[in-house]
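Participant: Protein chains in written order, with this note's numbering: chain A, 641 to 815; chain B, 10 to 561; chain C, 1195 to 1427; chain D, 31 to 344.
Calculated from the structure, these hints are not laboratory results. Warning: the hint list may mix true and false statements.
Keeping only pairs whose Cα atoms sit at most 30 Å apart, straight-line, the calculated BS3-like set for lysine-lysine is [said to hold, decoys possible]:
id, chain 1, residue 1, chain 2, residue 2
1, A, Lys669, C, Lys1342
2, B, Lys471, D, Lys280
3, D, Lys161, B, Lys471
4, D, Lys138, B, Lys471
5, D, Lys164, D, Lys215
6, A, Lys719, C, Lys1305
7, D, Lys117, B, Lys471
Note that this is a predicted model, so its numbers are computed, not measured.
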Amino acid sequence: MSTHTEITHNHAAGDAGEHEHGGTAVNVKTLVALLILTAVTIGASYIDLGNGNVVVALIIATIKASLVVLFFMHLRWDKPVYGIVAMAGFLFLGIFLMFSLMDQDTRNYYLPQNVHRTEVPLTPGTAPASLTEILPDTSTPATAAAPGSAGSPAAASPAPPTPAPATPAPAAEKK
Amino acid sequence: MEYQVLTMGAKTGSLPRPRKNYLNESHGFMSWAGTLDHKRIGIMYLVGVLTAFLLGGMFALLIRLTLLTPTHTLFGSKTPLITAEQYNRVFTLHGAIMVFLFIIPAIPASLGNFVLPLMLGAKDVAFPRLNLASFYLWVTGAAMAILAMVLGAVDTGWTFYTPYSTTTDGPVTLMTAAVFVLGFSSIFTGLNFIATTHKLRAPGMGWFDMPLFIWGIYSTGLIQVLATPVLGITLVLLMLERGFGIGIFDPRIGGDPVLFQHFFWFYSHPAVYIMILPGMAIISELIPTFSHKTIFGYRAIAYSSVSLALVSFIVWGHHMFVAGQSQLATVVFSALTFLVAIPSGVKVFNWLGTMYQGNISLETPMCYAISFLILFAIGGLTGIFLGTLSTDVHLTDTYFVVAHFHYVMMGGTVTAFLGGLHYWWPKMTGRMPSETWGRTACVLYTVGFNMTFLTQFFLGSKGMPRRYYNYLDQFQPLHAFSTVGSWVIGLSLFMTLAYLLASLRKPMDAPDNPWGGTTLEWQCSSPPIMHNFEEQPVVERDPYDYRPVKGT
Amino acid sequence: MSTTSVDLPSHGGHGEHGHGLGDPHHQHHFATMEQQFDTAKLGMWLFLATEILLFGGLFVGFGLMQARYPREFVEAHTHLVRWQGSLNTVILLISSFTMVMAVQSAKNNKKQKTSFFLVLTILCAFGFLVVKYFEYSHKFEEGWLPGKFYRATGDSIPGSHGYATFFAFYFMMTGLHGIHILAGIGLLSWILMRTRRGEFSHTYYTPVDLVGLYWHIVDLIWIYLFPLYYLIQ
Amino acid sequence: MGWLTRIMMPPQGSTFAGEVDTVYMALFWLSVVLFLGIAVPALYFAWRYRYRAGRVTPHVTHNTTLEIVWSVLPLLLCVGIFFWGLKGWMEYSVAPGEAMEIQITARKWNWAFEYPDGSRDAGTLHVPVNKPVKFIMTSEDVIHDFFVPDMRVKHDIIPGRYTEVWFTPTVLGSHNVTCAEYCGKGHSDMRGTVIVESDADFQNYLATGGTEWEAYKNNMADWGKIQWERKGCNSCHTLDGSKSKGPTWKGIWGSMVKMTDGNSYLVDEAYIKESENLPQAKIVEGFQPIMPTFQGLIKPHEFEGIVALIKSLQ
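Looking at chain A on its own, in the form it has when it is part of the complex (with noise of 0.2 Å):
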């Protein structure tokens, strides 16, 4: 880069209006502490955080984003509208990413009592393995009721030593 920093603010051009920003020295620091910040957020990946991780690895980003569109883009010096539009597009995909979670995460995936005779949705004849691996206990109360329940054919059929997904897969998953 220091190939670059002898190209100096311009002065000659100060005329009809023109609105001089920025400049040479203050979009080199902006780099700087935009590869400074890449370095961080790569080494932060490499500290076991759990959720933390992609907690600061967005949080970065987010000051990283933030540090184009200031100086980069010149919206730090720039009308205030052409901001709002730019966080009109942030404020209306927060909406969209938060309901559609808010859905996602709250959903109740149903299950049938009866599992072991239901026909696998979308793959009939094949065993509903995926479900047989979420349902912790066969014995529920309808199938108790019919004697000879451990009889079923999902139960007889050596179900695969797959840990369950953490939530319900589809049921029409394949082995």
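Starting from the known structure of chain A, arrange chains B, C and D on it as the hints suggest.
Facilitator: Here is chains B, C and D on its own, set in the frame of chain A:
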């Protein structure tokens, strides 16, 4: 030129008409196809959307005719008019054409394009090339949609719900691509109008000196810019799903069909306001002009336009109450949905407040405005049934919903569009359309509309699901009545088309300000000259000031 | 849509009515060049807002699918190569810097410097694409592909669709970003050409400024893509 | 007002219907009042203040009090309506714990119902009167929607996932089921019937195991093959003679089979019946005693079908 003040409905007709106007400035095909003039682009858009309306209307009449009898036969014939597969394609085409090719561009891109710069006292929109590009994107999208129609048409419904749309046969990808292109046409129109409103207002015109039509179009632009990109990406995902099986929406490979609905309605609910806000904006012009009285609660109406645009982004989940979204989301979306009632109510009451103690002349545009008030009231009030959770469970996905959104989109937007068309027709063409025919058509339209769609509320309440080809015999009388109503609407619209076209054969007889309006577009000649105003107008008074001015 | 963005700055180029303030770029419906410049800039920012929402849709889809398949997504993240992402981040940041320098030079009537920085920016863009090429070909070899094309083996939850979904988003988001880079190269070359023809000066450099804004938003999107894909492992 | 409700809404068939109809009618009257509040002034003003040349209109720009009143009043009204609707929704969205569970599988373009005891039926749903019934629903292809107008319930059925809906039927007789989410060519023909019957009739119905098998009366081997898949026999027994965890069914009918205890037995109906109920009683040589009992899980006609299937595999 001073802001010429017109008092108490003084209709000026004796101004000398300039020899050249935007219509006869230049001639030949390229002078239109390559024009950057917002007025010519507006006219081209008008012809385009009216053609789309005609086409979509034909499909509507065909749908109603098919549902006339439970056997879908006419005159004792044995074979049905159309089969179930054809019926599904017809209602899909009706919906897709009406929504994407007609209503969304109808008011902003045609009337808005023509009037917005005039009202602002500007010579053109901010980006004339982008304006023309937007029109050609519309033409491209329309051509693609027509091509898809010729290639067999799609049967997905205009909502493209997955996984039906990803598994059904037909040129779905082409149709989706058409809508994608139309989406960008809409974005560019909205973007252009926002920039125009910000930067090209006449000297002296502050934000609260703008006509309310501008506020409505501006709010519409906000939605077009902020919501339509999400439609774009949704359609891209849908195309990739069909083409490459990426599986975001496909439950077979781990996707979530309800996710598609979130994506789709995040656009398509705000899109409802892309349709209705310009309609409301026209009514906000018509009522003060024909009441010859200043608008009541200017700021409240202006704010309500913007707040409707904003609220429209946080209520999309009310399309999905029984679609498998979480119960919490359903309750939250229901609660937020009721917020819509407030700005809508504010507008309606302020319009009534404007009429109170006015001096109301019932010319054709005003007839449409009153028709709008009645139809939109029904559309809005039936929205309460659908926003309320317990009744929505029963009513959603039935003809009740069909009737509701036709009352809002057709009873609201199309009625306002017709009102606006008659209002600005003299400005656009320089001719006065026949008042007798106009009022007759308006009354016929209102009667026919209520015959067609009021009936459908009862059908829906009784449990008639929408998009049904076959129905139970018990619904036949109501369906038949609705079909007869559709003929009345059809008649009134053909009548309108006929007398509007007929008026073009007359010599130019429209005065510059036939209705006594106070906004800037009535300050230029009818039709306007190429660059709109002889001199840059300067605004010195409120937009709807009907008080007499000293010295006139 | 990227290609149509060309229209935004372009119509500043030819004032066909030519009765403005004497500047050939002045369009008749603007009172001053400054009003014209501000309007173009506002239009560009509005367009950038649509870009944010266009990409945003994919970010939302990614977030929702991540909530659905948290373990698969974390595992799939480890297949991405951190240094490649980091290198591309640095390349794009530098290109953003050269871009802003190009705009500054154009504003100050420095034709040579403008060209120089534009060329550097274009070179950075190609560098980015080269890294991307190696990244993609690695994914293709290993079968880490979207949706039904997913062929990789050795996942810890065999048969789960979470992996294919992750790579669907990976390819769509980086792919859409890559298309924007390509469009950016086109735009940069176009203003480079116009710079060499000497069309820009301190009174008229709108296209350079607007392409600069576009290029920065492409960088900005990558600033979010980078940690989201390469650093969460 | 009962007559008006009857004109406008379908017959009331469940415990939800009363609540939904009450809210509906309340909203109806509210809408009528508000509609008149808008339409009557609009038309009256148009007549009362009709155009007179030279009349000066007052210059009233706004009235803040009035505008606040007509913003806040609708808001309060809406809050009330929201909570009223929420009340009905809460009942609708949470099924009582003791509800009987019936599984619905929707596909283009029919309904399959499965009862807790494994009985199945297509198109016709039987439920006992005055008892809560919960439906766990899934789709095999596209999104469908289970809509019973008389019960005032409706819910989408989504492929790859289960959704739930419930009601307590209160009126004996048959009620229509329709699909309310567009699903293609046969969408409008995707109808069914809910038969609400007394508890005794319902138990009687279950004892016969549904009516689905009647379609196969003349071809019981096909019915047996369906059972072979559904009951999971296919996971251990093949039909083509190839080896699996259990003996193949091909060619065993009427043959003598050697057991691990050294004896041989004739494969006939009695032997198959014993294998179904007491699988560990006799183990075919060369196989492990891993088969679970199917006692009580196979209805007479299903057994008949399986026997017919084995007979056909000569």
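Participant: When you check the alpha-carbon spacing of Lys117(D) and Lys471(B), does it fall within 30 Å?
Facilitator: holds (22 Å)
Participant: Please verify whether Lys719(A) and Lys1305(C) have alpha carbons no more than 30 Å apart.
Facilitator: OK: Lys719(A) and Lys1305(C) at ~27 Å, within 30 Å.
Participant: Keeping to a limit of 30 Å between CA atoms, is the pair of Lys164(D) and Lys215(D) held or broken?
Facilitator: holds (29 Å)
Participant: Assess, step by step, whether the Cα of Lys669(A) is no farther than 30 Å from the Cα of Lys1342(C), and give holds or violated.
Facilitator: violated (46 Å)
Participant: Would you check the hint for Lys471(B) and Lys280(D), treating anything up to 30 Å between C-alpha atoms as holding?
Facilitator: Status violated; Cα separation ~55 Å.
Participant: Measure nothing beyond the straight line between the CA atoms of Lys138(D) and Lys471(B); if it is 30 Å or shorter, mark the hint as holding.
Facilitator: holds (25 Å)
Participant: Starting from Lys161(D), check that the Cα of Lys471(B) is at most 30 Å away, please.
Facilitator: holds (25 Å)
Hints 1 and 2, counting from the list given before, are not met by this structure.
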